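Q: In the order they appear, the protein sequences are chains A and B.
Counting from 1, one number per residue, gives the positions in the first sequence under my numbering.
Counting from 1001, one number per residue, gives the positions in the second sequence under my numbering.
Calculated directly from the structure, the hints in this document are not laboratory data.
Be aware that a few hints might be false.
What the hints assert, rightly or not - What the simulated footprint calls covered on chain B by chain A, stretch by stretch (three residues with Cβ under 8 Å from a Cβ of chain A suffice, anywhere in the stretch; the number is not a length):
(1) 1001-1011
(2) 1017-1025
(3) 1060-1074
(4) 1081-1095
(5) 1106-1114
(6) 1136-1144
Claimed, not checked - Computed spacing ranges between beta-carbons, pair by pair:
(7) GLU1133/B x ARG353/A: 20 to 28 Å
(8) ILE16/A x PRO1065/B: 49 to 57 Å
(9) SER1067/B x ILE302/A: 27 to 35 Å
(10) ALA351/A x SER1067/B: 56 to 64 Å
(11) THR1143/B x ARG353/A: 28 to 36 Å
(12) GLU1069/B x ALA98/A: 54 to 62 Å
Model, not experiment: these values are computed from the prediction.
The beta carbon of each residue, even a glycine, is placed where N, CA and C say it ideally should be.
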Amino acid sequence: MIALPPSFDANLAIDIVLLVMLLVVAGAIVRTRNLLAAIILFGIYSLVSAVWLVVMDAPDVAFTEAVVGAGISTIVLLGAILLTRGEAEKTDWRRLAAPALLCVAVGGLLVYAAMGLPALGDAASPANAHVGRAYLEATPRDIGIPNMVTAVLASYRGFDTLGETAVIFAAGIGVALMLGFGPRASLAPPPAVIGDHHVVLRVSAKFLIPLIALFAFYVQFHGDLGAGGGFQAGVIMAAAIILHALVFGLRETMAAVPPRVARGAASFGVLLYAGVGVACMVNGGGFLDYDFLFPPAIEKQIPGWLLGDPDHAHHWGQHFGIMLIELGVLLTVAATMVTIFYGFAGRTVDAARQEAKR
Amino acid sequence: MSFILSHFNYIAVATLMMAGLFIVFSSGNLIKRMIGLAIFQTSTGLLYISLAKVSGGTAAIAVEPASAEARDLASRLDPAYVAQHGIDGVVYSNPLPHVLILTAIVVGVATLAVGLAIAVRVREAFGSVEADEIEVLSRIESTQPGPQT
Chain A
1 MIALPPSFDA
11 NLAIDIVLLV
21 MLLVVAGAIV
31 RTRNLLAAII
41 LFGIYSLVSA
51 VWLVVMDAPD
61 VAFTEAVVGA
71 GISTIVLLGA
81 ILLTRGEAEK
91 TDWRRLAAPA
101 LLCVAVGGLL
111 VYAAMGLPAL
121 GDAASPANAH
131 VGRAYLEATP
141 RDIGIPNMVT
151 AVLASYRGFD
161 TLGETAVIFA
171 AGIGVALMLG
181 FGPRASLAPP
191 PAVIGDHHVV
201 LRVSAKFLIP
211 LIALFAFYVQ
221 FHGDLGAGGG
231 FQAGVIMAAA
241 IILHALVFGL
251 RETMAAVPPR
261 VARGAASFGV
271 LLYAGVGVAC
281 MVNGGGFLDY
291 DFLFPPAIEK
301 QIPGWLLGDP
311 DHAHHWGQHF
321 GIMLIELGVL
331 LTVAATMVTI
341 FYGFAGRTVD
351 AARQEAKR
Chain B
1001 MSFILSHFNY
1011 IAVATLMMAG
1021 LFIVFSSGNL
1031 IKRMIGLAIF
1041 QTSTGLLYIS
1051 LAKVSGGTAA
1061 IAVEPASAEA
1071 RDLASRLDPA
1081 YVAQHGIDGV
1091 VYSNPLPHVL
1101 ILTAIVVGVA
1111 TLAVGLAIAV
1121 RVREAFGSVE
1131 ADEIEVLSRI
1141 ESTQPGPQT
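For reference, chain B alone in the conformation it holds in the complex (with noise of 0.2 Å):
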């Protein structure tokens, strides 16, 4: 049971990432489909973000030394587990992922626009962002060549 309850944020990323992946396969619709790309996108930042905390860490957000929130912080913790992973008696967590999503997370928008504008521009060549329908105009317009109405 703990090992279950300590490992279940990577079984909820892997089932939310999956859920992006079923939209992305199983609707035809442009704009759904982004959106679960978008759902796996912030599933892969869950992932990271799992992987930074630190049980007993705060934020990385240097807290002045032997300060009283520094003591305060410390008095809730283990202190020979304070010794081992602290820095100058407080235990943070890791920022080095935090780096790497919030990045990924603003540049995920920006992309997200990107293939939500291809989805316009599909819509506006073929009436519609439905891959199926897209399937069918395409190929007739392939065997009758000629000026679209």
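Next up, chain A with everything else stripped away, as it sits in the complex (with noise of 0.2 Å):
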């Protein structure tokens, strides 16, 4: 049994050490001033604390942060480094000194702040004790899906994962106007190479695209079970996209996905997530109001075994319409992720072919 509350079990011994982990590394970025070393020791960080994250109860943040952590905002950060430099100037000291002393002021600060908090895992604290315990005792009678992650995040706060949905989209409008959304001219066929060298991992490559993107579906549609849910697969997925331009080469990929479609489906995401919301309003709901998706009239005209429910018992309306607005998520997340890698890369190319040319 464990003695509760805070006393030094297991987990507060793990979380500690995981924490001082991440000091370390945080302590390396801000020495090192090679950029490459400072975005691989990102990396790092980031799958700290996805692990830290598990150890937190907070499997679907862990899931989306090992894949943006260590995936996608590494290979951003190597674009942005190509194209600029991989050295960063070195600072003069006595430049240091005033920032130096107004973060440590500040962090006193903070940490004085902080003496004020509740104790790690008090379940008597009031984020815990009230809004959290409404929503786990809610999510059941209201919803209908186990996992209350997704139920808050796609339905009782819909509104608010429309308006995240749509800053990413806008996010990978502003890379896409201001890089472009992919090389200016067609890109040549890769010169005949003979004796390929990078056999290994082709083969490899080839057998696990598929295998990315399968678990990225399955993310998908367990979202409402387990931990997982559009932001994932949505990441899951563009990481299988981005890691074919990596093996195979830019041309291949934009041939598979051409940046047009990638185009279309971030912005058919958006629509099609406020589309549900316009649907739930027609059929005299609130806006995201799953629970008038479909009219009650015809609700009840579907035969009970075609929902797996015989007596209608459940929120299906949630169901149908959580699943809808996860789908326009993936859609959003991994066709903006995939246009941001396409404007980075394509800039990557015409840089190269200019200076060729110079």
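Using the hints, put the two standalone chains together into the complex.
A: Following this line, the structure appears as structure tokens:
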């Protein structure tokens, strides 16, 4: 039996060890001037924090952090240093004194303020005892899906998530406007190479890419039942496409997933999400009120066996609504990440071409 | 000592946040600054998730009430604690901060990409991503109007 509340248990020990690792990695990032090293360290930082998130009972967030931090953001950062340069200038130590003093002062104030926060794991803290508990109690009754994170994300706070999906879409458009949707001229086929040095890489990538894509779909459709959902699945899907581009070349990937398709999918995702909301309004509910996704008269006509629920007891409007908007999120997130990648990769190709011309 | 241990997460979060802020302040390199901002953002996430933890809790994925799994989870805890804080005999962590941070991470990488795209364009316009050099170059440009080569 665990003696409660806060005493030293295995959970807290792992928590502290992981946080110390995070602090060490962050310190290394502060010290290094080599940007490549900083980026790799940032990937490690993300992986360690993903492990920490599992310890903190947040598998959904851990999933996202692992894919985003160690996968997508590393690739975007690497693309950026390819286009700029790999080494930061050394800053004069006298110019570091003021920022250091400021950071120590603000950090001290933050620590002082944090001493008033509830202890780690306090079940009676205001956040956990009121609003958190309300969601936990109401989800089985209102939504009827086991994963409460998905229930809050897609249904209770669906409007908020729509906004976030739109922000991701807007960011993708912003990057595309600044860096373009891919290389300006069409890519030449890669020169024929005698003796393929990357044959192991190619063969293993051919094995891995379908599996990653399949896993993305599993995460997508399992999001109601366990950890997962549209955000995670979208980033995993994008990772599969980016892996393809890294191994087989940008030309092959842009033939398989043209930028035009990625653009269309990104906008369609947001439209699908908002469209579900409007459909609920048309049927007499509020915006994104999935209980009104299908008019009750029609719902009664559908035979129960088709829904796997003979007496229509569960909120299958909620199930269906969540599934649709998660699909919208998947499309937007995956397509936006691919568009961002095309922007950076295309710019690199253009820059190399200009260099060759000179 | 026990107080320090139970508040260690907040101390770590404050330190990480200041590490991120220090990178943003001290480094002139725009890419390094974006990494600093990303660390700053992650540390906010760590604070939220720390607040959502309930000791003895499990991930906020509903366990079938009175199933073997639920009994197994409950058997590790004090029955009075489960009765007070549990739902149908299972103690869960708070799902709300998880939702907020989950979406914030994905939005974070999208905004990171926007920042890096701006850095790339700055490099194309000035030939540098160091804040000091850009300042000098833009001053020269403003005093000597004309096409840049």
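Q: Taking the hints in turn, state whether each one holds.
A: Hints, verified against the model:
Only residues whose beta carbon comes within less than 8 Å of a beta carbon in chain A count, and the region 1001-1011 of chain B has 9; three or more means the coverage holds. Taking a C-beta to C-beta cut-off of 8 Å, the region 1017-1025 of chain B contributes 8 residues in contact with chain A, enough for the three needed, and the coverage statement holds. Remark: the region 1060-1074 of chain B is confirmed as covered by chain A, as 3 of its residues place a Cβ nearer than 8 Å to a Cβ of that chain, reaching the required three. Look at the region 1081-1095 of chain B against chain A: 9 of its residues bring a Cβ nearer than 8 Å to a Cβ of that chain, three or more, so the hint holds.
Counting residues of the region 1106-1114 of chain B whose CB lies closer than 8 Å to any CB of chain A gives 9, which reaches the minimum of 3, so the coverage claim holds. Against chain A, the region 1136-1144 of chain B contributes 0 residues with a C-beta closer than 8 Å to a partner C-beta. That does not satisfy the three-residue criterion, and the hint is violated. One distance hint, 20 to 28 Å for the beta-carbon pair GLU1133/B and ARG353/A, holds here, with the actual separation near 26 Å. In this structure the supplied range 49 to 57 Å is violated for ILE16/A paired with PRO1065/B, their Cβ-Cβ distance being about 34 Å.
In this structure the supplied range 27 to 35 Å holds for SER1067/B paired with ILE302/A, their Cβ-Cβ distance being about 30 Å. Judged by the Cβ atoms, the range 56 to 64 Å given for ALA351/A and SER1067/B holds: they are separated by roughly 59 Å. Range check, THR1143/B to ARG353/A: Cβ separation about 33 Å, and the 28 to 36 Å hint holds. Remark: the range hint 54 to 62 Å for GLU1069/B to ALA98/A is upheld by a beta-carbon distance near 55 Å.
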